[in-house]
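Peer 1: Given chain A's structure and the hints, the job is docking chain B onto it.
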Amino acid sequence: MVLVSTYLVLHGLEPMARMFLLLAPAFLAPLVVLMIPAFAEADFGRLLPVLEEGMSAVLHGAWITLAQGFGLPMVWMVLPHVQSLERARSAVLVGVGFVFVPALALMTVTLTVLGPAETAARIYPTLLLFELVEVPGFTGFRIDPIFLVVWLATSFSTVALLQYAAATAVRRLLGLGSIRWPVVLIGLALTVLGAWPVGQLDLLHAGRAWLPWAVSGAAFGVPSVLMVMAMLRRPAREGAR
Amino acid sequence: MRRGRIPVLVALAAAVALLGGCWDYVDLERRAIILAVGVDVDPDRAGELRLSVEVPSPSVPPQQSMEAAGAGPRKVVAHATGVSIVEAANRLRGRLERQPLWTQVIAVVVGEPVARQGVARVLDVFMRYDPLNARAYLYLTDGEAQAVLEQMPNAQALTALSLSTFTTQAPFFPEAIRPRDIATIHRELKETGSTVVARITILGDRLHMAGGGVLKDGVLVGWLDPQDTVGTNWLLGRVNRAPIPLTCPGDPDAYVVVWARLTDHRVSVTLDGGRPRFHIRLGVAGRLVDMARCPLDPENPGDLRQLVDAMTATVRGQAERALMRAQEELQVDYLRLGEQLRRRYPHVWRAIDWEAVFPQTDVVIDVRAHGAGIESPGLVRWTVPYN
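Going down the list, the sequences are from chains A and B. For the first sequence, the numbering used here assigns the number 1 to the initial residue and increments by one for each residue that follows. For the second sequence, the numbering used here assigns the number 1001 to the initial residue and increments by one for each residue that follows.
Note that these hints are calculated values from the structure, not bench results. Because the structure is a prediction, the values reported are computed rather than measured.
Only part of the chain B face toward chain A is listed, based on derived beta-carbon distances under 7 Å:
#, residue
1, ARG1187
2, LYS1190
3, PRO1346
Residues of chain B placed beyond 10 Å of chain A at every Cβ, according to the derived structure:
#, residue
4, GLY1143
5, PRO1252
6, TYR1386
Yeah, the Cβ is synthetic: ideal placement off N, Cα and C, and Gly gets one too.
Next up, chain A with everything else stripped away, as it sits in the complex:
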């Protein structure tokens, strides 16, 4: 996957975008098809009582989820490349909708079918959901491999985009003329990290213990410090003039 991702990223953002546009229906179509039969098992009463654990639990869950995703870091990484915020607005809204609507639908189906307690207890609740789906005509067949294929496609897109973002950041940082070597080196780093002997328990622990703090620090803390520094330097510069 890293090899193909590196090859794709070396060709720049446009081929990546075109490939992601090809993967989009391949991601959405099976997801929708698999979610419809899952609704047959849905019990919307499982969403009750609302705020059973209080608002703090919701905020904590939202924080953990934010840290697992790449939404905010991606905004910071892509923003410098956007030439016109006005022209980017529609694309951004489509992108957000593309992620938000399926995610909301999937989470609703998962909660109403599995219930909040089981969803929280499972390491991969969505995988269990699709493992349990009975599709008419396929009774008795486990169709979760279809979901795994979809998951693989979206994982590839994520890896490729992150590799591109990291490579462009390194290029800007070091003032390089091309992203070729940063892409290759980051691909090597991804390969090493992928081969690193990390257990699932380590990942689970990291996802709850320090990753939320690290992501929050990188996504909110560092930009905030930079912004404050810029604000402090501006009056000094203006005074010097």
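Peer 2: The following block gives chain B in isolation, referenced to the frame of chain A:
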């Protein structure tokens, strides 16, 4: 060809070697496809479980008819023991001549002694260990699970296929708790602490699905007989269609049968002086399928009213009997009433001891006829004029 493309071609050619896929593929002819699993207490070793598996005989396709199957054995039933069903399953590797494939398990049968100790030793493994199939249907048996697997069905090649067929019959057979998959049973036990599970027995030389087993905190605490089960299915809203036999209001020696469907199932809860009060509303409607010797005329509004009242009274009686079994005898809320209370009044739920409150809780069962109640006299307008 440009010189710069040669490394790319070499890299792609090298990648082809990595894209072969299925490097650990095991041919089907080397597999033992396990379709049913039975779990019993090991009679020789205290605390250990005996795992039995049903594997279709490699020489006979499982879907083949009995005649075509010939005289060869249709299936292989093997067993092994261990402190966990995983250990026992692994020991089966030394007893099956093929590599076991667990992902296609259709049914899991748990013997009564294991169920009396608790089904966690079975369900936890199925929910935790992904090679096992959490979609397998769970059955309880009041005998030994191994005996169920060793049973030679008459109309099916395998016990697993018989158990699978029962799942399609259950929506129309309210005397049996509908078989449900392990993940669903596990979820209900987590949500409410109790549930009902399909029951399978051996009657003569046949498998028989009727009644159900009540699990409380995962432990089998009692059986439901077929009559209790009919009412339980009405109360849980798990009836697609069912025959309702009722005494003919015009002739106590005659019976009428309505082929009914559940049109409405609502459970609501209110607070009466701080105590929960439940209202279960059932709507039924159906068509007449048997009126032999009953002199009533369903086209006559007065006669129709009598028939409809008798139908709703019969369903109410079945439901009240099931409620009494749950509240007074077993004192276990497998009717999911507590879950309704938790969802509607979480503060009350937290404040009370539901286990103690449930047996004394007021539950009103309101059975109503949907529309005209009896929607059709069937294909005959009047009762046949002969005995």
